[in-house]
Structures are given as structure tokens and as C-alpha cells.
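**Q** Spelled out from the first residue to the last, the chains are:
Protein chains: 2
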Amino acid sequence: MDAEKLFDLNQNVEGILIYNGTESSNDPSFFYSTQLTRGLFEMSYVFLTRKNLKVITSQLEEETARSEDLDVEVFTSGKQRDELLKEVTKGITFLGINYSGLSHADFLSLKDKLPNKEFVDVGESISSLRQIKSEREITKLKEAARIVSKVGENIPGMLKDGLTEGELAAKVNYEMMKNGATSPSFDTIAAFGPDAAEPHFSGGNRKLKKGEVVLVDFGAKYQRYCSDMTRSYFFGKPDREMQEMYETVLNSQAAGIKAVKSGENGKLVDAAARKVIDSSKFKGRFIHGLGHGVGLNVHDHPALSSQMDFFLKENMVVTVEPGVYIPNKGGVRIEDDVIVTKNGCQVITTAPKELQVV
Amino acid sequence: MDAEKLFDLNQNVEGILIYNGTESSNDPSFFYSTQLTRGLFEMSYVFLTRKNLKVITSQLEEETARSEDLDVEVFTSGKQRDELLKEVTKGITFLGINYSGLSHADFLSLKDKLPNKEFVDVGESISSLRQIKSEREITKLKEAARIVSKVGENIPGMLKDGLTEGELAAKVNYEMMKNGATSPSFDTIAAFGPDAAEPHFSGGNRKLKKGEVVLVDFGAKYQRYCSDMTRSYFFGKPDREMQEMYETVLNSQAAGIKAVKSGENGKLVDAAARKVIDSSKFKGRFIHGLGHGVGLNVHDHPALSSQMDFFLKENMVVTVEPGVYIPNKGGVRIEDDVIVTKNGCQVITTAPKELQVV
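As they're listed, the protein sequences go chains A and B. Every position in the first sequence, counted from 1, becomes a number in this note's numbering once 119 is added. Every position in the second sequence, counted from 1, becomes a number in this note's numbering once 119 is added.
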């Protein structure tokens, strides 16, 4: 992260304190600013000034932080941690905090620990910086995308009669990690036949049968950066409706990708893809937004949706993922990650997309 | 969840609104109260009264929510969502909110959407209910524990010269899912030799060599409930110091498990285990708390730590996981999940713990 830029966006702020809580309430901005590739750093802080960065953590993560050559302060008790917080922020009145990065309870507790500060929300500016990926970040995102692309190519070879959704998800995860992922970036969705009508289906045990659609939505984490890709395959020849569904979604996705470019409103990109579906027999069946940012979170800012005016910029990385869902029948979704460029975009998830019958 | 109990603990509250944000800021209490086993339900709400429960979600999750037979209100725009929030909370002044479950930014936004309410923090009472597991929850936790136990038994068979940490983590995850896990409950830690000195090591590519310790810390998610187990193995005969380290940690863990019982202070349980390490040559090398709750989060309340007075109760589920870490040399940790009983505890992760040389 470019700390100078963050302070330029918040001229009144003298220091910035970012708190990484626990699993349901953590702040990826902690890792954005520190670039720490390993460790959990639960209940740890980073304190930033224009020129310095200090990690405040427990003994549990000390070794990890030191191995990445950072300025580290280690506490062994809550009391010591609170004293450290006071010490590093001494003399500062206007303290930047990411209001989106910590729970309301943690906010109140921080106010209590640092009673004489004026807290300033720097969440919007951190988010705006995180949306535009640096070269270093793009390298990591491309590697995460390469991993899913490779695995996506091999999924048709994994399909066979009687395979369960859970087994397929297990195989996909295994192949991602074999290919260099630290972990899946979210719970892999493997949905067969009617289960594919639930966009966020997971944890199923349906056995694969001839004629069914196989929807697989999966992502890899590489050095904390995420990819997110969906492919829909057919196990045996699909009926005519499913075939039409596939072609419609594929055309919709192509229209969406074509509409992406720097300066474009995300709402219009969504509209370009939606128009293809809504002018087909599948009108109204595309029941979610077209896409979302990918970065340190798999569902990151910005959203590409009919609900929001949001202007794309160069080096944002977003998904383009239209889908059609018919309850009790099935669904098709096709999703790629793209880097926004000046005149268009670069698609970085490259597994084949033409209709594949296995 | 027993909504009656939650309202009994908060007599002044007329309704409770729980908000499940996105991946870094979500509230497991949403799933605790709804028992929804599938779906992400990002940016969704549950509204509770003593007698009723209503899920407020987007079309994206509608199908999933309906398949689990819940009362569901579906919005297709942010405006519609805000209107629904107003409508369901109409006539209510004192509205319970989980201050630990939503970000400060989301709290401010909710205040803005519902301007005439008095918000009351029900976080502590939800947390206290979540700590005591119901029979239904214990069944799920036991299944999650069974899965890791089974996989733990098979890890020695996976070890061979040149295996990388990443490959081992991939295999462990695969075996967990093959055995019924929805996903790993956290990024699997597989650390060889000196890497095992970082308690939260992950994403490594060290190749296994004879004489090294193999520390594997892994967990399974089963219907959203987590397990968390660590085993340390030796690939080839360890040197005397590592052998002593293993025996010390094993004795420490036995002392910790022995100290667990309903009514006991977690601080004393931590002390019982810590005493074994601190009266050995490894004094001061046990650099974290003894354990934590497991439930819908893998690091859940309560903590067993020297820092906190916390009294254990029947049907809490906690980990007992002492460790010893020597930078540049290695580390050993042994971790089990236990259910607190009236007079002791039941260990539910059952993979062998005697020193194993592969």
C-alpha cells in the first residue's frame, strides 16, 4: 500500500490505526498495508504514519512478523497491548480508523482505550486504494487466476456417473492446492442438476446422473489474493432448454465483458449483460448482480450491479458472471475475472467456455 | 437457538435484528438463529421476536431459504430492503442488535435506516447462549471432530521424502472433504522442521526431510460447525531435544484436559497445562493461550487463557492445545476438542497422540 496516498486523501489525519479482529470480524486492510503473506494476526494492529508502519501483535505471531522484516511491537497481555496503543499514538489527536474494518463493539472498546482522540473514518479511502491494484497485486491475482484456469480445464475429466457433489468439490480443492493455492478462496460450489438452481448451493451429496448440468464455482487464494471462476458443464447431452440457457448465458457474459472498460459505469456493464438474458425466454431469471471486485476478499468492492453508479478504473479487477436459474430444473452461470484496462479488459481466467458435453 | 432464552436475558428488548454482512464482517449468529445449513446470505438480516423468526434476504438466496422452510421476505433493491426493515420493526422501540456482529460502518448505516429506535446490545447474551451447545449442535461438532480424527490417523501414511508442506495441506483438505466436510474450517497449517516454530505458519513449500517434525493443524466444517485438531509427527527419529519437547507438550496437554470440568476457571486450566512446560527446560516457550471455544467459528468464545477469569460450563466445547516453539529449530503442538461435562470432559478428537516416528 502507498501510505503517502492514503494520508493525501486524509489530510487532517496524523496517524492511522487498523485493527484485525477475529475470523468473522477481520480487516483485510491489515494485510493490505503490511503485505504480510503468512500468519493470522488475530486481534493485532498496524499503526501507520506517512513514513512508518508498526505492527502490534502477540507473541503468537511475533516470529512470523519478524521473518517478513517489519517493525514489530509484541505484547504478552491485554494490559500491555493497551499501553502500547497509547504509546504509539501519543501526541496524535486525529486518528484514522477503518469503520468498515472493525465491529461496532471493537470500535466502542477502542474509543474507551484511547479516550482523547478524534476518530476519523478512513474506510472509504482505503477501499478506493484497494480497488486499484498495483503491479505486485496483479501478479498475485494472475497467479490465483492461473490456478483456477488450470483446474477448470481438468474438471470435465473428473466427471463420472455417481460422483457426488461433495467429492467433486474435494477434488477441485485438492487440484487448486496441488497447483499452488494456499487454500480455496471460498467454499467451492459444486451443484448438479436441480441443485444448480440455487446460486450459492454448497455441501451437497447428490450423485451425478446423465443429462445433468454441473455448475462449479470455485476460487484459489494465492498469497492472500483471490480468484473466482464459474464454469457449467453438461454430463451427457442436455435438453434443448438447458442448451438454450447455456448459449444465452454465454452471450450475456460476452456482452458484459465487451462493455467493461475504464470510465464505464458498472450499472451499464450490468445492463449490457442483462439485456441479453431479459430479451430471451429466460427474462427475469438472472437474479443477482453481474459481478464484484476480487482482491484480498473474494467478494470485494466494487459491485457491478443495476443498483449502483460505479465508475470503473484501470487496474480494477472484477468478475463478470451472469447466470440463469430455474427452480427444480437447474441453472447455468459463467464467471471470469477481468482486469479493467483503458479501452477494455483483460480476461485472466482462461478455462474454455464453449458448451462442453462430457 | 432458543429465542425465548435470548429474550429472557434481555427483558427490555421487543425485537432483535441480526445482520450478516460480507466475508470479513459477517455474523455467525445469523446462522445460529436460523439454522440455515446452506447459502452465504451476505447482507441479509434475521428479525426475531419471542415467537417468530423472519429472514430478510435477496433473490440470490431466496431458493435456499425457502428450501429450509423459513419465513422469508425477499428484496430486489436496497430501497426495498430498507423498507422491509422498517416494516418488520414497526411499533418497536427497543431493538436488540449484536454489536460484535456488525461493523461500525454498518452500525451507523442501520441507525440511519431506523432512526426512531433505541438500540440495545444483545451481543453478550447471544455469545453466552452460543457457548453452551445444544444436543443438535453437539451432534454436528462430533461429526466435524470424527472427520479430523479419521484424517489424523492417516497422516503418517502420507509422509514421504520430498513431500512439500503445500502438498500435505492439499491432501489433508481432500481427505477431510472425502470424509464429509463441507470445507476446511480454516487454512490448514502444515509445517516441517523449523517452520513449525511459527504457530500460525501457512502456505509453505518446504520439502520434508528425515529427522524433521511435521506439525499439522487442521479442522473440518460440517453443517457450519467446526473442529480443530493439531498433531505433531516425526519423519525419522527426532533428536533428543525434540523428543523431550514432544513428551513435555503431551504431558502438558494431559494436565490441561484433566483440569477441565464444569465450574472450573479457564485460567486455572491454562495454569495446569502451563506449569508442566514452565517447570521443564522449555520454560517460556508456550507463547499462546491454552485453548478457545469451537462452534460456528473455529476460534470462538470462550478463551482458556492466563489473562481471563472465565468459568467453564457443561456443554461448552473448547480446544486444549499447548505448544512449545523454538525459532530456527521447530515446534510441537497437540490439540484436541473437548466437551465440558459435570465432572470433567469428553475428548471428541481421537487420533493417536503417542509419539509417532514415521
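Honestly, the hints are just simulated from the structure, not real lab data. Warning: the hint list may mix true and false statements.
Treat identical chains as interchangeable: a pair holds within one or across any two.
[Unchecked claim] Derived pair list, reagent style EDC-like, types lysine to aspartate or glutamate, alpha-carbon separation capped at 20 Å:
#1 Lys-230 <-> Asp-240
#2 Lys-432 <-> Glu-243
#3 Lys-279 <-> Asp-358
#4 Lys-400 <-> Asp-127
#5 Lys-269 <-> Glu-286
#6 Lys-394 <-> Glu-237
#7 Lys-297 <-> Glu-286
#8 Lys-448 <-> Glu-187
#9 Lys-329 <-> Glu-286
#10 Lys-209 <-> Glu-187
#11 Lys-402 <-> Glu-206
#12 Lys-380 <-> Glu-206
#13 Lys-198 <-> Asp-428
#14 Lys-261 <-> Asp-188
#15 Lys-232 <-> Glu-366
#16 Lys-236 <-> Glu-206
#17 Lys-170 <-> Asp-428
#18 Lys-170 <-> Glu-192
#19 Lys-279 <-> Glu-433
#20 Lys-326 <-> Asp-127
#21 Lys-432 <-> Asp-121
#22 Lys-297 <-> Asp-280
These numbers come from a predicted model, not from an experiment.
**Q** Determine for every hint whether it applies to the structure shown.
**A** Results of checking the hints against the structure:
1. Lys-230 <-> Asp-240: Classified as both; 13 Å inside a copy, 17 Å across copies.
2. Lys-432 <-> Glu-243: within (16 Å within a copy, 43 Å between copies)
3. Lys-279 <-> Asp-358: within (19 Å within a copy, 48 Å between copies)
4. Lys-400 <-> Asp-127: neither (51 Å within a copy, 52 Å between copies)
5. Lys-269 <-> Glu-286: both (19 Å within a copy, 17 Å between copies)
6. Lys-394 <-> Glu-237: neither (48 Å within a copy, 44 Å between copies)
7. Lys-297 <-> Glu-286: Intra 16 Å, inter 6 Å, cutoff 20 Å: intra and inter.
8. Lys-448 <-> Glu-187: Only across copies: Lys-448 and Glu-187 sit 18 Å apart there, 51 Å inside one copy, limit 20 Å.
9. Lys-329 <-> Glu-286: Cα proximity of Lys-329 and Glu-286: one copy only (17 Å, versus 33 Å across).
10. Lys-209 <-> Glu-187: Cα proximity of Lys-209 and Glu-187: none, with 26 Å in one copy and 53 Å across.
11. Lys-402 <-> Glu-206: neither (60 Å within a copy, 29 Å between copies)
12. Lys-380 <-> Glu-206: For Lys-380 and Glu-206, the Cα distance exceeds 20 Å both inside one copy (46 Å) and across copies (40 Å).
13. Lys-198 <-> Asp-428: Classified as between: cross-chain Cα gap 15 Å, same-chain 46 Å, threshold 20 Å.
14. Lys-261 <-> Asp-188: neither (25 Å within a copy, 41 Å between copies)
15. Lys-232 <-> Glu-366: For Lys-232 and Glu-366, the Cα distance exceeds 20 Å both inside one copy (58 Å) and across copies (41 Å).
16. Lys-236 <-> Glu-206: This pair counts as within: shortest intra-copy Cα distance 13 Å, inter-copy 38 Å.
17. Lys-170 <-> Asp-428: The answer is neither: 35 Å in one copy and 40 Å across copies each exceed 20 Å.
18. Lys-170 <-> Glu-192: Classified as within; 17 Å inside a copy, 50 Å across copies.
19. Lys-279 <-> Glu-433: The answer is neither: 42 Å in one copy and 46 Å across copies each exceed 20 Å.
20. Lys-326 <-> Asp-127: neither (56 Å within a copy, 45 Å between copies)
21. Lys-432 <-> Asp-121: The answer is within: 18 Å in one copy meets 20 Å, while 48 Å across copies does not.
22. Lys-297 <-> Asp-280: The answer is between: 17 Å across copies meets 20 Å, while 25 Å in one copy does not.
Comparing the model with each earlier hint shows violations of hints 4, 6, 10, 11, 12, 14, 15, 17, 19 and 20; every other hint is respected.
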